[in-house]
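J.: Given next are the chains, with one letter for each unit.
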Amino acid sequence: MWPVAAITFLEGIRSRVLYGIFIFACSVILLSFVFAHFFMQDIGKVAVDFNLAALSLAGLLMSLSISVDLIGKDLDKKTIYFVLSKPISRNAYILGKYSGILLISLMAYLIIALLTCFALMLLQSFHADYFKNFAWLPYMQAVFLDYIKISLFNALILFFGSFSTSSFLNMMFSLCIYIAGQSYSDVIRFLSVQHHGEQISPVVHYVIQTSKYIVPNFELFDMKILAAHGRLMAFSDLIPIMGYGFAYIALLVGLSMIIFRKKEFL
Amino acid sequence: MKRILPLGICLGLMGMILFFYPLSFATKEKYLREEGLQPTVLPSEITGIAALDFKGLAADFQLLQAIFFIGQKIDRSEMITVEDWQRFIRMIHAVIDLDPYFFDPYYFAGALLAWGPGMYEDAIGILKRALDHRPDDAFILFRIGFVYYYFLNDFENGARYIATAAQKPNAPDFYAPLAARLSYYAGDTNFSLLLLKSMLKDTRSPEIRKYYEKRILALEGMQILENAVRRFQEERQDSPKNLEELVDAGFLDSIPEDPYGGHFYLMPTGRIYTTSKLVEIKEHSQTVLEN
Amino acid sequence: MMNTPEKLLQLDGLCKSIRTKTLRAKNIPVLQDISFDVQMGDIVGIIGVNGAGKSTLLKTIMGFLAPSSGNIELASGVRIGYLPENPYYYDYLTLKELLWFAARASGMSSAAFQETFPEIVRRVGLSGKKSGRLRTFSKGMTQRAGLAAAIIHNPDLVILDEPMSGLDPIGRKLFFDLILDLKIMGKTILFCSHILTDVERLCDHVLVMHQGRIQEHIHKTDLEMTGHLQVLLEPSQQASDWLASLPPAMHVLPEKNGFHCLLSDLDRILKEFTQKHIRIESMEAPKQSLEDLFWQITRSAETGGV
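Protein chains in written order, with the working numbering: chain A, 1 to 266; chain B, 1001 to 1291; chain C, 2001 to 2306.
No wet-lab data here; the hints were simulated from the structure. Since we're looking at a predicted model, the values are computed, not measured. Where a beta carbon is used, it is the ideal one built from N, C-alpha and C, also for glycine. Treat the hints with care, since some could be wrong.
To be verified - Listed below are the simulated EDC-like cross-link pairs for lysine to aspartate or glutamate, each with C-alpha atoms no more than 16 Å apart in a straight line:
id	chain 1	residue 1	chain 2	residue 2
1	B	K1030	A	D222
2	C	K2021	A	E264
3	A	K77	C	E2085
4	A	K73	C	D2091
5	B	K1030	A	D186
6	B	K1055	B	D1097
7	B	K1030	A	D69
8	A	K77	C	D2091
Stated by the list, open to error - Cβ-Cβ distance ranges computed for the label pairs, FRET-style:
id	chain 1	residue 1	chain 2	residue 2	range
9	C	P2235	A	L266	54 to 62 Å
10	A	D129	B	F1019	44 to 52 Å
11	A	C26	C	A2112	37 to 45 Å
12	B	E1029	C	K2130	54 to 62 Å
13	A	V215	B	R1181	51 to 59 Å
14	B	L1057	A	F173	18 to 26 Å
15	B	F1019	C	G2166	54 to 62 Å
16	A	Q124	C	Q2114	43 to 51 Å
17	A	I239	C	R2024	47 to 55 Å
All chains should be built: construct the whole structure from the sequences, respecting the hints.
T.: Next up, the structure:
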């Protein structure tokens, strides 16, 4: 498994796209300096908003381009024959691929998080008065949970890649589910307050209530608002969220392995 | 055995997901409901650009957000502060910035702001923005006129707007005579009832219909009482001292209930009023601003 | 210790059908009733027209496709090295990283890899390219890199899918020599190719495939090189001496009673024979080349004959 993870990591880390995403993230971080001055009240909040957005967006872009590519390229370009000709079980292959992707995003997150911390420290030293609500621990918590979110998203991409024939379709489906997963919480909240507009048809209501368990709820891992206001989520409260994340990741990886085992390569 | 193990693991994981999910959701909700963690009103400059060519969609979502924001508080019988309403107004303006032709924000905000906290000027302000983009919309013009007349007792402006509305192509027939008679019918219960019932007909939102229905119920009660008073006056050539007298004398079966929780009473002038002043009396008032 | 030939691979009645992805899904047989075995030290070549099923057969042996019916048996503990057709490797890896992966994935330790790496790279002639990115490699170099990756762990059985495809003549020569090296090292090789002359020169056994079946199993002894005469000599001392002194280019028959030679050499040789009193018993016209055989088999398979 580790050799597969290693070459996945090496191939991904040298991708030109990755450098582009880094530059993009850096620009957003720089923007945080610019925009912070527009809001003369709670600069801390705006700074956190921008920096966490940089991190989150970078993670998302990376998954959609690099993860999809790393998983699809083997099949597209027939490299799969080479890799699987070695005495590696198909399960080990899937695990290796996923581990490689996890490592790449871990490295990217660490680097970007460090840059954002640097930016925040600078901003804090300039505008200490307006940083009253800011705290480091909630910020780190948000970063950590965002990493779990992106790992879940990567597991989803892995899952689609295990049976999809087109990298583009993989990217589209994953992106759509990401958007759905982010909006689901809002949709559920809207539904719970049914006074407004027409009554929702019971069929739609039922479909949404059941499918909320199937669509991965990415919004659960979004701690940006809490971090922006310096609120920390208690560790005991984090446990169900992390449990959900890990269970879902394990399920997706497991399903990928099962699907991949039966796959034929013509 | 080999087949069962992976299947078992998958089922186990699915079970974990089903278990952790509602817990996580509830936990997150708990944190988000804390004070000070309100959703930000994204300025329309940012959403406008970020939405690219999906501005309409963005407007829809922001409107939902605005309605939900207030609706949730009403639903939980929470107090809605002036700041809350002002945030709501900012959200509505942002929605209108994104999609000025969208009818719903005008419709919702116009009604909600008038009936709820009684923020009439803000309601009119929002409705008037509609005229920049929907100048021929009779319904918007009518609603502006309605707020002026019904809530602000500004008969001149009320008549003016309803008269303008009457000239628009999609105006119902009764707009014109209504405009003509507006000042004459000021304070007339029958007239108000007619007006309210016609507004109710055009209202689809169940939430806002409730406002109209409640007011109609109250006014119908007052109408019954007024009719009874008039019959008393015609027969006895005298005015009743109070409403109980009407019941005793047989002109009334019983005194109607005020749906707002107050009591109807008779003024020396002969007019019917209610202690509730047609505003909801509850433990936690929905509105802070009373008119 | 007796060097008994070990059966490395055995196929029995292997069949494979593919489901077409059209609305009315049909099962198209791509392999039908394939049976043969590969002994240790054999060099087996598979030839056939495009679409005959050569590549599919190799992929099924490798486990990329699951057989619909029949048996594939690999002797236990056999290490396989595989070179796919038109291989592509990751853009950004270096040759060293690729071979590191090939080694580690095959179970070699990092230390063992460090030892073997220079040697393997030298053997395939890529010594100057150790740290170059694979993206910069030409087709021939990629092919050689692939071969290095396939044999770095010293496999017993080497399976090559169209190893010469797309190579220029120099590349082909290099590759041919490499395969010859493997043969000399005693490895078992199974490969498919379009280039019949190479197959002729390298293989002990040739399988001719057509429309998913093995039409013919040709042994080396059936093969002759074009333009050669088979000359049988009358047994005598002079004949034996002369045969013993022949350079290897003149192929001496196993029974040591004759030899092959080119028509062009015949003149000179006859003169020698007259000198040395060597008498010819018989001369035979050249037997068919592999190419001729191939067309014959393929054509008869088309028309339905055996």
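J.: Which of the numbered hints are not met once you compare them with the structure shown?
T.: 7
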